[in-house]
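There are 2 protein chains.
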Amino acid sequence: MQAWKEYQEKNKERFLEEMLDLLRIPSISAKSEHKNDMRRCAEQVRQNLLDAGADKAVVMETAGHPVVYGEKIIDPSKPTVLVYGHYDVQPADPLELWHSGPFEPVIKDGKVYARGSADDKGQFYMHVKAMETMIKTASLPTNIKFLIEGEEEVGSPNLAAFIAAQKELLKADVILISDSAMISMENPSLDIGVRGLSYIEVEVTGANRDLHSGVYGGAVANPITILAKMIASCHDENNHITIPGFYDDVVEATPEERELMAKAPYDEEEYKKDLGVKELWGEKGYTTNERTGIRPTLEVNGIWGGYMGEGAKTVLPSKATAKISARLVPNQSSAKITQILLDHFRKIAPPSVSVNAFEHHGGEAYMTPIESKAYQSAAKAIKETFGKEPVPVRGGGSIPICAILEKELGVKIVFMGFGLDSDNLHSPNEKFNLENYYKGIETIPYFHKFFAES
Amino acid sequence: MQAWKEYQEKNKERFLEEMLDLLRIPSISAKSEHKNDMRRCAEQVRQNLLDAGADKAVVMETAGHPVVYGEKIIDPSKPTVLVYGHYDVQPADPLELWHSGPFEPVIKDGKVYARGSADDKGQFYMHVKAMETMIKTASLPTNIKFLIEGEEEVGSPNLAAFIAAQKELLKADVILISDSAMISMENPSLDIGVRGLSYIEVEVTGANRDLHSGVYGGAVANPITILAKMIASCHDENNHITIPGFYDDVVEATPEERELMAKAPYDEEEYKKDLGVKELWGEKGYTTNERTGIRPTLEVNGIWGGYMGEGAKTVLPSKATAKISARLVPNQSSAKITQILLDHFRKIAPPSVSVNAFEHHGGEAYMTPIESKAYQSAAKAIKETFGKEPVPVRGGGSIPICAILEKELGVKIVFMGFGLDSDNLHSPNEKFNLENYYKGIETIPYFHKFFAES
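Line by line, the protein sequences are chains A and B.
Residue 23 in the UniProt record's numbering sits at position 23 of the first sequence; the count goes up by one each step and never skips.
Residue 191 in the UniProt record's numbering sits at position 191 of the second sequence; the count goes up by one each step and never skips.
These aren't lab readings, by the way, just hints derived from the structure by calculation.
This structure is a prediction, so every number in the text was calculated from the model and none was measured.
Ideal placement from N, C-alpha and C gives every residue a C-beta, glycine not left out.
Take these hints with a grain of salt, some might be off.
A partial selection of chain A residues facing chain B, derived with a Cβ cut-off under 10 Å [to be verified]:
1) Asn158
2) Ala161
3) Arg209
4) Leu298
5) Val353
6) Val355
The whole structure should be built from the sequences, with the hints applied where relevant.
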């Protein structure tokens, strides 16, 4: 539509400035010291929605960080698109690896560098500006609802209750989420699934106090050594996970599915070069795309214990702790795997230490059927603006609320991510390419158009 | 000697106050931010020596933290005792576990709580006050020299060069060190050896940046997992160290030695209770005293990598690091074992990661012959004040400079520690019992007396 294009071209600068303003708020949901920033961010999103033409936008309370809800209802008989996104971001640590402040967005080589630029502020904001485009050009073909939460990065602990209580308010015909990536601008893709998650913490305690490693070393269990042995035992020599029951509910992909996946563009040398590694690592018998898409994985996300400062300290520490998470595939239950993990780490600890293991959060895997009206509308929209049919891919990340959204609202979810895998999500120097931001704003209205027509 | 006892009783309060003043200086040699505190502490020790009656006391430069030298020469034809000690202390981390400030000494239940109280400020200060006692009661039977260094806790990197350059100044007939512990006040003991040390750091790098554990997890090596596997592989199921060559130069203790060691008072239930553990851990086939005395050990002193903050972060980190040290027994070479450790960790790393391994510091083990004049004088002194023959024991800790002192000065070292294993050396809430402090000041003059007479 020429009118969309013209409106977007004219307001390009402002679309960017508004996104940058949102990135300036350190809305880190995991850290309690940012509680006020979270609320400030929610208020700003509410205002953004009103400015973009929403009839209504409200900050709604939960037991944790608030949810922002907004809507533009043009005609209750028309289809309704519910946009889900999140205004919270990952912690910015380790700060010393950022080239510029995580909350002082910098534009360099056509990329916005800031925490949350791609995950997810920049991406959900494309929908706000797409709505504005359609409203201001009097061409909005659907009703739009926005559900922008503040706890995605901590596992959405309060969103399920919110959704259950607000089924009527959130009623829609499709749920649209931009919180993932595509292969590249030359090879647009659409995620047809996300993995589930089980995230736990394991604390191993040896002696009741830190000890002198000379006086006690060799006679008392070192919790770091014990924790290392526990972690080491979780993968065998083929990098297959050894925890009993872990793979029980995994449905193996069919040879046809795997054949289809193998067709997705992938250059191993390029992949290794980008990561700076000489050799890849992973479960024997599976390709990189399969390892990150259709196979469950187990990663240690953090570990600490003993002396971590400058120089040397000859201490035999009292405690060692690890944060450990598993990515799950469809048919694995997050609650079940979490229990398996907790039980396993408690069980394999020798009697010379004690273990305190607890859950952080979890969520189920989710799959979108390719044949659905929603997926087909997204594919058509991509083809319209990219000039190319999108490749369907299985995403490696997790959006735990997906399974709950579908269960409670009874409609399908379509993932329309405009980020790139190289956006440094959850890492220092997170970025979002301006080209992708604008392409997203350009593409989204076509989704509404095709979905309304279908 | 009645005169000593009377003088000490009269000056008891001041002896304590002066020690507390020394404990108030955060002389942490490992941390560059404490450089000025180190110099301030050295100056204070110099003044303490002059106040106690030394003829001469000077702060002498090294390439690192300065050395304090002091002397009282009564007659060059009399025997000379060189007292070695250190005014630097271990880092105080983890700070949150201290019940009171590590550099704000508190006296509770007859114990001084402060970093450095037992290791080694409180202990070397006993010698300063013992010298004062003998000078003020006109009964000093020997010449005394003091060598109080500021880099013991970081492996004395500059002391060897200092000693080599100052052989004439440091010339003595025996070296006396109070930087270790005794079994208990009821079971006084004298260390007849210290273990050697090899301390390294191993940094494992996977990808060139932190990654999203969903997008890349399962396809790229996780440096925490790899480091855990490397650490786990270093001990077998009998807690025997598996690193090739590690035990090559270990001389097994004779059955007679082991029989003698077994006679030292040791209550396993009490030991476990004090540490708060249900079961001990150690090399199969050896007792606790053997594990900490005559066997080399390998401990992880610290580990860190990935997200260590509040809540959860689904990161696949770029780096994981561990501080690892070995305690060595006589005949093992610290330089050789350090090289074995560095080579081993570089070698066992898979090609999916890179390893940067480097040495922190090291030192050789040391043994004092029981039949030496020096040991016998110490044993007699203990018997005089404790009313009981001391038990000879092998200490688990390391004083790397011992082997160098003996080599350069050509005389034997005698260890006369008045601390206890439960003093929380290198741990939060380090303490030194007042009873032990005063008993040390009471005992030391007898060593000088018996050594002069022998």
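Hint by hint, here is what the structure shows:
1. Asn158: Violated, because the Cβ-Cβ distance from Asn158 (chain A) to chain B comes to roughly 14 Å (cut-off 10 Å).
2. Ala161: Not OK, violated: Ala161 (chain A) not within 10 Å of chain B, min 19 Å.
3. Arg209: holds (5 Å)
4. Leu298: Interface hint status for Leu298 (chain A): holds (8 Å vs cutoff 10 Å).
5. Val353: Nearest chain B Cβ about 8 Å off; hint holds.
6. Val355: Result: violated, 12 Å to nearest chain B Cβ.
The earlier numbered hints that this structure contradicts are 1, 2 and 6.
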